[in-house]
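Spelled out, the chains give:
There are 2 protein chains.
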Amino acid sequence: MTNNSKNSISPKTVERLSLYKRFLHEQIERGSGFISSRQLAAFSGGTAVQVRQDIRVLGYTGSSKEGYNIPQLLLSIDRFFSAAQCRRAILAGVGNLGQALLINFSQRDAFPEIVAAFDIAEDKVDTVIHGCRCFRRTEIGEVIKDQAISIGIITVPPDAAAETASLLVDAGVTGILNFAPARIKVPDHVYIEHVDLTVTLEKVAFFACTTTY
Amino acid sequence: MTNNSKNSISPKTVERLSLYKRFLHEQIERGSGFISSRQLAAFSGGTAVQVRQDIRVLGYTGSSKEGYNIPQLLLSIDRFFSAAQCRRAILAGVGNLGQALLINFSQRDAFPEIVAAFDIAEDKVDTVIHGCRCFRRTEIGEVIKDQAISIGIITVPPDAAAETASLLVDAGVTGILNFAPARIKVPDHVYIEHVDLTVTLEKVAFFACTTTY
Chain D
1 MTNNSKNSIS PKTVERLSLY KRFLHEQIER GSGFISSRQL AAFSGGTAVQ VRQDIRVLGY
61 TGSSKEGYNI PQLLLSIDRF FSAAQCRRAI LAGVGNLGQA LLINFSQRDA FPEIVAAFDI
121 AEDKVDTVIH GCRCFRRTEI GEVIKDQAIS IGIITVPPDA AAETASLLVD AGVTGILNFA
181 PARIKVPDHV YIEHVDLTVT LEKVAFFACT TTY
Chain G
1 MTNNSKNSIS PKTVERLSLY KRFLHEQIER GSGFISSRQL AAFSGGTAVQ VRQDIRVLGY
61 TGSSKEGYNI PQLLLSIDRF FSAAQCRRAI LAGVGNLGQA LLINFSQRDA FPEIVAAFDI
121 AEDKVDTVIH GCRCFRRTEI GEVIKDQAIS IGIITVPPDA AAETASLLVD AGVTGILNFA
181 PARIKVPDHV YIEHVDLTVT LEKVAFFACT TTY
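Keeping their order, the protein sequence lines are chains D and G. Here the first sequence is numbered in our numbering, starting from 1 and rising by one per residue. Here the second sequence is numbered in our numbering, starting from 1 and rising by one per residue.
Quick caveat, the hints were computed from the structure, so don't treat them as lab data. Mixed in with the good hints, there may be bad ones.
One copy or two, either will do: identical chains are not told apart, so a pair holds if it fits within one copy or between any two.
Simulated crosslink set (SDA-like; lysine to any residue; CA at most 25 Å straight-line) [unchecked claim]:
1) Lys-12 - Ala-182
2) Lys-185 - Phe-34
3) Lys-12 - Asn-69
4) Lys-65 - Gln-27
5) Lys-145 - Arg-108
Hey, can you work out the whole structure from these sequences and the hints?
Below, the structure written as structure tokens:
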């Protein structure tokens, strides 16, 4: 995959491929062998045309009258994601949200895998939290370089977010997932995704009322 | 605001208005009086044209050569959100993620405010966690009806998510924020937003590698 072909893949397609993967795993557990684009669309909330477009991105061509062969399609999606060499992540800020993420992503087979955590609290430093070693904040740069980590997850308080992002980027991180309610500027070569829980909850509150007017 | 006019407002506009609100509060703290659509665009990562369109949705017309009057614009945005009568939320599942949300949204002035939590763990039931009373799972319907709650936040494990959503909807909830990695079907009158941390992290991992090919 070249840089150009990868740049042309939309984040929404990548999201849906990740969703399909989960659904296909569920189908395998249920003993299904084949699946149609319509079934995948029903699960993901999209259209069958969109599903077929997404699957074309994989280069997968194995559809038949019965639909897609589930194990083969899964293999294609796994290859698509594992082509990404960036599977090692660090987590900055081991509060409740940080710990929830550690529980889910500090296992060996997680993708990405959180391999190190950071905090400023002395009682957390040098302990293992949900299977993940917690380092001192000042060690961030060293650990990222030593372990060739390319993904950073920011769960620090908002006023520490920008500085934390700078530390990550300076050490070589190229993908950031930011949970702090603060807009962070990063260089063009860094991919950043913001999950803003306040904004999301306000939006849900706003639309929850649609039916009551 | 009529049901129709509200339905025509896009979720993206509502998200951005929530973001502008935060930024305007910061500007007031810094003593600024006016702000341009360009400055708001720079903060939100959009365009000045988009900012002006968003602000037109508010019915706000007070721009001048100096830009928008910040206190007046804030008042307009606050009115826009407070027109929504749905400000009371419940949280189902008091794990680490649930507790992170309680810390942020169980205060009196939070919008929306989490007014009740639910869990199946006996050691949590009938206790107060981060300022929020935790009820027994079987009490969900009663509490939602008694307290006229319209927003539900789902932070239970994936295999309990669909059943939890049904309980919420049956009791009258019309807006759901779902964190469980499970697709949930709800009736058309219910607004649902999924925050899927696995999918989001996989996406960041994928694009973190763009520059390394």
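Hint check against the structure, violated hint numbers in rising order:
The structure breaks none of the hints.
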